[in-house]
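Asks: What follows is each chain in one-letter form.
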Amino acid sequence: MLFFAKKTSDSDIIHQIRAGGTQRRLYENKLYEKFHYFVREALFKHKISEDEAESAYSDAILGVIDHIVSGRFEGRSELKTYLYQIFTNKCVDIIRKNTTNKAEVHHNSVGLDDALAWLPDEAQSVVRRLIVESEIETLRAHLRTLGDKCREMIMAWGEGYSDEEIAQIMQYNTAAVAKTSRQRCLEKLKEIWKK
Amino acid sequence: MFGEIEGDMEKIEQYYNNTLPDTERRVFEEELKTNPALAEEVAFWVQARAAAQAEAHARRKEEFAQLRQSSQKTKQRNLWYTYAAAASVVLVLGLGWWWIDASFLGMTNNPLRGQGGFNKEWAAAYVEKNFTTLNTQMGNGTDSLQMGVSAFNSGDLIKAKAIFNTLLQRDSSNAEAQKYAGIVALRRQDYDQAIKHFHALSLRTDLVANPGKFYEALALLQRDLPLDKKAAENLLKEVKAGKLDGWKEVE
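Quick mapping for you: the protein sequence lines, in order, are chains A and B. The numbering of the first sequence is this note's numbering, which starts it at 1158 and goes up by one. The numbering of the second sequence is this note's numbering, which starts it at 3 and goes up by one.
Source of the hints: derived by calculation from the structure; they are not laboratory data. Incorrect hints may appear among the rest.
Stated by the list, open to error - For lysine to any residue, the following SDA-like pairs were computed, each having C-alpha atoms within a straight-line distance of at most 20 Å:
#1 K77(B) with V1196(A)
#2 K1306(A) with A60(B)
#3 K77(B) with H1224(A)
#4 K35(B) with I1171(A)
#5 K35(B) with L1287(A)
#6 K1351(A) with E65(B)
#7 K63(B) with R1301(A)
#8 K1351(A) with G9(B)
#9 K1191(A) with Q171(B)
#10 K1347(A) with W47(B)
#11 K1191(A) with E65(B)
#12 K35(B) with V1289(A)
#13 K1164(A) with F1192(A)
#14 K1345(A) with W47(B)
#15 K1191(A) with I1171(A)
#16 K1191(A) with Y128(B)
#17 K1191(A) with A67(B)
#18 K1164(A) with K77(B)
#19 K75(B) with Y1194(A)
#20 K63(B) with R1182(A)
#21 K1336(A) with Q16(B)
#22 K63(B) with Y1241(A)
#23 K161(B) with L136(B)
#24 K1237(A) with R1182(A)
#25 K63(B) with K75(B)
#26 K122(B) with R190(B)
#27 K35(B) with E1279(A)
#28 K63(B) with D1223(A)
These numbers were taken from a predicted model, which means no experiment stands behind them.
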């Protein structure tokens, strides 16, 4: 049976990740496993350590998942090509970092730039002045101090799950209830942060 | 306009979800430039989401690492199962072949048989056990035969050889003398001679009991030249199939 296990198609993976809900995690894992052989190739091609290659691959997978969820991946190229490009960029960053101590070129400030880019220029400057990147680490630390449910809910939101999906996964009656709970959790986080 | 914090958060989310009507969207963007509280709220929201995403990604990376480990274990286990299955098939085929071969030769329950089947050691053990002394009754034909047997039992193999050879020269059809001459040669480790005597004996068709083939097989096993073992096995097959003298030894 094992030898004849069918590989999940790219379109199934994309569809199920976009559909969200309880199946999303499963298909994210399938995506991770499907192209994991890139790591072996990178070890040979880029001469980076296994840990570095694994980390770059995980980051690339998470990036692709974000792009699938947000619709930034439009399916104009094959999923494999798209992932390979992102993964290669991550590997190049590692090589640069190892050889020149330069900061990464293809940086991933986890959605911050995307969120700021959403704003018109003037408003963006106003908000940007208020943002200190190191505060993200502080917020992460505060996030860990929240109760399990709040933490899970905010993290799911950070991963792009909709309130409807959060309600489904965390067994809230409606998306509206999940949304109210999530916003209260965010308020709680803000209170801790401001103290 | 956007004064209440909860209202602000709702508006911010609507703005980022692109669900604000155009007019409200423009108002929101204008308000952002002049309302520091709203700007702070947006800054928090953006940072909180980035923090949540970073935290979720860190956890997912750990989960991927676990997934990798478990899938590596599964792969190793599957590989192990494959090797075990292949080894089992080889073992079963090997045992099957051995069993068929051994059954055919009748070698399965012989206590004298060595690890490698009927071999030099087995033949040596048989010779040691059965040909150290000869039953004096064996040579019940003539005085000369009796003398030869006595010489053999007393360890004088040269004398025994001379007596049996003289008897054979006198009468080449003397089957007893042929047999004893072969046994003496075997004891003297003159395997070529032993094989010659036993082979001549095995060709006799006028005897009630003829251990010629069995003894020839013993001599071949002890000589142990290339192909001797195979020739001995063939003889033992014949002994077993024809229930010739010695067949119980190969049963």
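Asks: Hint by hint, which ones does this structure get wrong, listed from lowest number up?
Replies: Those not satisfied are hints 3, 4, 6, 9, 16.
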